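Trainee: Protein chains in written order, with this note's numbering: chain A, 6 to 98; chain B, 4 to 534; chain C, 28 to 248; chain D, 33 to 344.
I should point out that these hints are in silico values taken from the structure, not numbers from a laboratory.
Watch out, some of these pointers could steer you wrong.
Capping the alpha-carbon separation at 25 angstroms, the derived lysine-lysine pairs in DSS-like fashion look like this [what the hints assert, rightly or not]:
1. D:Lys148 to D:Lys77
2. D:Lys125 to B:Lys309
3. B:Lys339 to D:Lys77
4. D:Lys325 to D:Lys252
5. C:Lys108 to B:Lys235
Given the structure is predicted, the values throughout are model-derived calculations rather than measurements.
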Amino acid sequence: MDNHGSYKSLINIWLLLMFFTVITVGAAQFDFGVWNVPIALIIASFKAGVVALHFMHLKHEDSMTWVFATYPLFLLFLLIAFTATDMFTRVAN
Amino acid sequence: MSDTSETNYLDNGKGFASWFYTVDHKRIGVMYLIAIGIFFIIAAFASFLIRWEHLTPGEGIVSAHTYNVLFTLHGSMMVFLFIVPGVAASFGNFLIPLMIGAKDVIFPKLNLYSFWLYLLGASIFLFALAAPADTGWTFYTPYSIDSGTNVIMITLGVFVLGFSSILTGINFIVTMHKLRAPGMTWDRLPLFCWAAYATSLLQVLATPVVGITLLLLIGERYFGLGFFDPAKGGDPVMFQHFFWFYSHPAVYIMILPAMGIISEVMPVFSRKPIFGYKAIAYSSLAIALISFLVWGHHMFVSGQSKLVNIIFSVITYAVAVPTAIKVFNWLWTMYKGSIELSTAMLYSLAFIFLFTIGGLTGLFLGALAVDVHLHDTYFVVAHMHYVMIGGTVFGFFAALHFWYPKMWGVMFDEFKAKIAFVLIFIGFNVIFFPQFILGTLGMPRRYFNYAPEFESLHQLSTYGTWIIGIGFILMMYTLLKPIPGEAGPNPYKSLSLEWSMDSPPPPLNFDKIPTITEPVYNYGTKIEKES
Amino acid sequence: MGIYDITTKIIKSIAYPSEMVPPITEEDDGHHHFDPETEHSSMKLGMWLFLATELLLFGGLFAAYAIYRAKYPEMFMNGSKSLDVVLGTVNTVILIFSSLTVAIAVKAIQENRIKLVKIMLWITIVCAAIFAVNKYFEYSYKFGKGIFPGTDIFYSIYFAATGVHMLHVFIGMAVLGVLLNKVYKGKYSKDNFTAIEVGGLYWHLVDLIWIYLFPLLYLVG
Amino acid sequence: MNWLPTSASTFAEGVDFTLWLVTIISVISCILIGFLLIYFVIKYKRKTDNDPTPAITHDSFLETLWTIIPTILCIVIFIYGYVYYDQYTVTPKNAVEINVTGKRWIWTFDYSNGKKTLNDLYVPINQPIRLVMQSDDVLHSFFVPAFRVKQDLMGNRYTYINFTATKEGVYDLYCTEYCGASHSNMLGKVHVLSKAEYALWEDGSAKKVKSASADIPLDKLGEQLYTKNGCVACHSIDGSDGIAPSWKALFGAKRAFTDGTSAVADENYIKESILYPTEKLVTGYGPIMPSYKGLLDDKEITAIIEYIKTLK
Chain A
6 MDNHGSYKSL
16 INIWLLLMFF
26 TVITVGAAQF
36 DFGVWNVPIA
46 LIIASFKAGV
56 VALHFMHLKH
66 EDSMTWVFAT
76 YPLFLLFLLI
86 AFTATDMFTR
96 VAN
Chain B
4 MSDTSETNYL
14 DNGKGFASWF
24 YTVDHKRIGV
34 MYLIAIGIFF
44 IIAAFASFLI
54 RWEHLTPGEG
64 IVSAHTYNVL
74 FTLHGSMMVF
84 LFIVPGVAAS
94 FGNFLIPLMI
104 GAKDVIFPKL
114 NLYSFWLYLL
124 GASIFLFALA
134 APADTGWTFY
144 TPYSIDSGTN
154 VIMITLGVFV
164 LGFSSILTGI
174 NFIVTMHKLR
184 APGMTWDRLP
194 LFCWAAYATS
204 LLQVLATPVV
214 GITLLLLIGE
224 RYFGLGFFDP
234 AKGGDPVMFQ
244 HFFWFYSHPA
254 VYIMILPAMG
264 IISEVMPVFS
274 RKPIFGYKAI
284 AYSSLAIALI
294 SFLVWGHHMF
304 VSGQSKLVNI
314 IFSVITYAVA
324 VPTAIKVFNW
334 LWTMYKGSIE
344 LSTAMLYSLA
354 FIFLFTIGGL
364 TGLFLGALAV
374 DVHLHDTYFV
384 VAHMHYVMIG
394 GTVFGFFAAL
404 HFWYPKMWGV
414 MFDEFKAKIA
424 FVLIFIGFNV
434 IFFPQFILGT
444 LGMPRRYFNY
454 APEFESLHQL
464 STYGTWIIGI
474 GFILMMYTLL
484 KPIPGEAGPN
494 PYKSLSLEWS
504 MDSPPPPLNF
514 DKIPTITEPV
524 YNYGTKIEKE
534 S
Chain C
28 MGIYDITTKI
38 IKSIAYPSEM
48 VPPITEEDDG
58 HHHFDPETEH
68 SSMKLGMWLF
78 LATELLLFGG
88 LFAAYAIYRA
98 KYPEMFMNGS
108 KSLDVVLGTV
118 NTVILIFSSL
128 TVAIAVKAIQ
138 ENRIKLVKIM
148 LWITIVCAAI
158 FAVNKYFEYS
168 YKFGKGIFPG
178 TDIFYSIYFA
188 ATGVHMLHVF
198 IGMAVLGVLL
208 NKVYKGKYSK
218 DNFTAIEVGG
228 LYWHLVDLIW
238 IYLFPLLYLV
248 G
Chain D
33 MNWLPTSAST
43 FAEGVDFTLW
53 LVTIISVISC
63 ILIGFLLIYF
73 VIKYKRKTDN
83 DPTPAITHDS
93 FLETLWTIIP
103 TILCIVIFIY
113 GYVYYDQYTV
123 TPKNAVEINV
133 TGKRWIWTFD
143 YSNGKKTLND
153 LYVPINQPIR
163 LVMQSDDVLH
173 SFFVPAFRVK
183 QDLMGNRYTY
193 INFTATKEGV
203 YDLYCTEYCG
213 ASHSNMLGKV
223 HVLSKAEYAL
233 WEDGSAKKVK
243 SASADIPLDK
253 LGEQLYTKNG
263 CVACHSIDGS
273 DGIAPSWKAL
283 FGAKRAFTDG
293 TSAVADENYI
303 KESILYPTEK
313 LVTGYGPIMP
323 SYKGLLDDKE
333 ITAIIEYIKT
343 LK
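Please construct the entire structure, taking both the sequences and the accompanying hints into account.
Mentor: Here you go:
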């Protein structure tokens, strides 16, 4: 059934994750100003994507699972986007 | 009463344990029904006291603090213990497997655990009544941080109830994906199932946000986290954002299953296919998606930014359209039909009319300028009750009467039930219609006391509770005292799957999983133009 | 109606993969079982839905983080600098490693290599325990310096987020412990491994959340 | 039919217009749907158990119609709601600012001329006013039905209301955000004065406006002040325990304070408590009362003391 990948490929994935952990810790030693957070988030998202696709086999799941895996991300975006829009567009009228 | 050779689910095992440890979805549905019924009665009683207090201005039967406790109790119990789990968990459990042609839900044990979690949450909630909270069901900060009452227990109870709700939702979604009988395609799925599916989606995706919000509120009280406390640099409006991110979709968790019920009842008693099946099915899904985008219309005067107010107002009107479409579809289902005014049909017709009023008064509140005037007045109270009682509760009562023969295998006295309906319908309107006028006149909600010029309208509203109370009692009496004789498998000549088996259904529903070959609402003679 | 037809197509394309509905097997112990393939795919779908729930549970914390970070950049800068990056990094490595071991365990059970499954699950649980111990030291160090939840908004978010995450680590340990116990009892094999796969999914989520929490709290100072 | 309060601000007209518009749309829709319901029920009543019925499943024309018409109506209503809201949120340039503080359960108004009033807001007619509002504790909401304005107040952040009163008179002011036991007593009055009257009030002869009843007995005056100045929100007069000590049988009673001392409640003690309320706290109550220094003159304080004396 879900006999995907080999032990070796799993370990390779892990090495990739370790590599990116080193990168993200390394990148934190430098100050990129406003880019600090985006850089950290992009690396984290990449790692999270790798974990989801390979460790969690999302790669081999059907479209319904994809919908349920990604829709909450959209909702999370909504929650943050609307709340933040409110917080930062308040002006004394 | 069962003299057939086969046992039915009610006879299948006797005693407390055979119910409490059952994994039979029908028994779990019935247990939910009993539990929510009890909480409905308690919460309704609180509302009788609230109205009684308003018979005259000033202190009547209770003190100001007791009054605040009563409306908090009424609101939170109705919302979290009755109406959110209500129709979905009781009739959803009972009907979904029967309707899609399955022997049970996909995770029967998880279903039982959900029920236990519901009981646990409810117990914590009731335990909190030792020092009942006075925050209102919305738990707005910083009042809820500050209040000397037992806010932690009540929010903990709601948190646990939330998990019960989530697990039930997961169960239903997966059941409808994986256990539909052969031939039961998505476009043959009964509309109640569509509605339950949309409801479950909302339960799974909205509830966790209120979960973390209430958890943070508990943290706020224990540790003084400060997220929602202006004194610590936090923002109370953020609490409202998080709260309504759940609680607006929760409105649809409450109303969607009732819409599903109406979509089942109308075709049967009109002997017509439901008008616009796809429109109703997809507008359920559309509502499930759009309802996540409108929460801010509860916060137009809360200090939310003007830009966000405008955005939320626009999207609010967008969600009004699919709702309007549904109303017209139900209406047109009756066109050229053969209409029987059974009790269930009466409740459905009342649903359509009252829900229309509820929806139309929503148009007032969505309009920014008007909402500034009407926000937090009795207008909102009336609007919300027209949707929640006129909508959900009337739909719930329609279901109670409609599936009564299927659930219990007997019939009730239609005549008495219709009298009860008339009392409930009149009483309801007498209570809540004057409240619209109170609201436009500027009577604020959650007021223990009120100015003398509001007295006559308040009194009228209170008299309504007495009428509706008599109606409730008569309805309960009618339903608890069935008339002799058996109902038979299909007294209404319905075509959907749950009526194809004995009443009450056998423990495992189907001896052999049926194969579906035609649409579910296949009433009438085929003279229609094919799409 | 054009709009409805389009919607139908979209919904069909999403929904119809699971259109094949399985027969139900015999009823032996009073209630019925669904066939293994349905049970397998259903449990996975159910777990993914539950993970969606969990993600949104943390969603509230992420939203609070985003907003207060933008509102109080100084406070977050200083707070973040005061956290122990070394300990955080060690915990990240541990958690990612434990994700690997769970993934190997899921693979091994499908090949009936029970012994490997036991070893991998043990390692995972031990990793989780080390993670917890590290967190314990980290918390007590903070308490020693007089920093508690509520000290300021940053520390509130730090304690709330890592605290809720810690709770998930404990739940994950319990789940894996139960699974391990059942492995010892010989309940799982290459024909019956759904529980391990689904438990593994849960553990990966714990890792996923940490992958975000670590840089957001410790690194972007 | 009287279903709207007096309209006394420039904003009220727009709100009322939109309200009427939505009301007319709603009533027509409601009558239409109600009529169709009843008509169908009568016309298509079941005659036999086997009435033939057509299998109508959809009708593109009708469905399009009832998708489009509600959409158009919604857009129209939104636009009106938005336009009038937009007017309300824009502050006119010559607006006079008044600071508003909400505190359980009293409204305090600070004017730019140094005046301060409790629960009574004085504004001149036809003058744009901008309220700058903040709460001292939990959320409150400032609502004047006659002006159709409402806005929440919270701690640590200012919120604003703009209005221009167009009609002289005294209007109700409510708190509409639930704030605890005396939420429904957190009331006030907005006095819209003619320019001349306002100038008089501004001159310091506030009392002329405030109490035309200078001749009434002291204890009766005290009774009026009791409700007018918000004492009623916290102090009961029937002995029931609230957030603050009851006034019943207060005079002459022995008071125990949180610092361990005690005193007999005589005239001087009561006067001190009104002017410096947090100096001596009666055991079991928190320091929540605002000082009335500068808000009540000596005669008014005496009146309140006389009133307390009558509460045996």
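Trainee: None of the hints should be skipped; say for each whether it holds.
Mentor: Evaluated hints:
1. For the hint pairing Lys148 of chain D with Lys77 of chain D, the CA-to-CA distance comes to about 70 angstroms; that exceeds 25 angstroms, so the pair is violated.
2. The hinted pair formed by Lys125 of chain D and Lys309 of chain B meets the criterion: a straight-line CA distance of about 19 angstroms does not exceed 25 angstroms.
3. Distance hint between Lys339 of chain B and Lys77 of chain D is fulfilled; the C-alpha atoms sit about 9 angstroms from each other, no more than 25 angstroms.
4. Taking the CA atoms of Lys325 of chain D and Lys252 of chain D, the gap is about 21 angstroms. The hint holds against a cut of 25 angstroms.
5. Only pairs whose Cα atoms come within 25 angstroms are accepted, and Lys108 of chain C paired with Lys235 of chain B is accepted, the gap being roughly 21 angstroms.
The structure does not agree with numbered hint 1 stated previously, though it agrees with all others.
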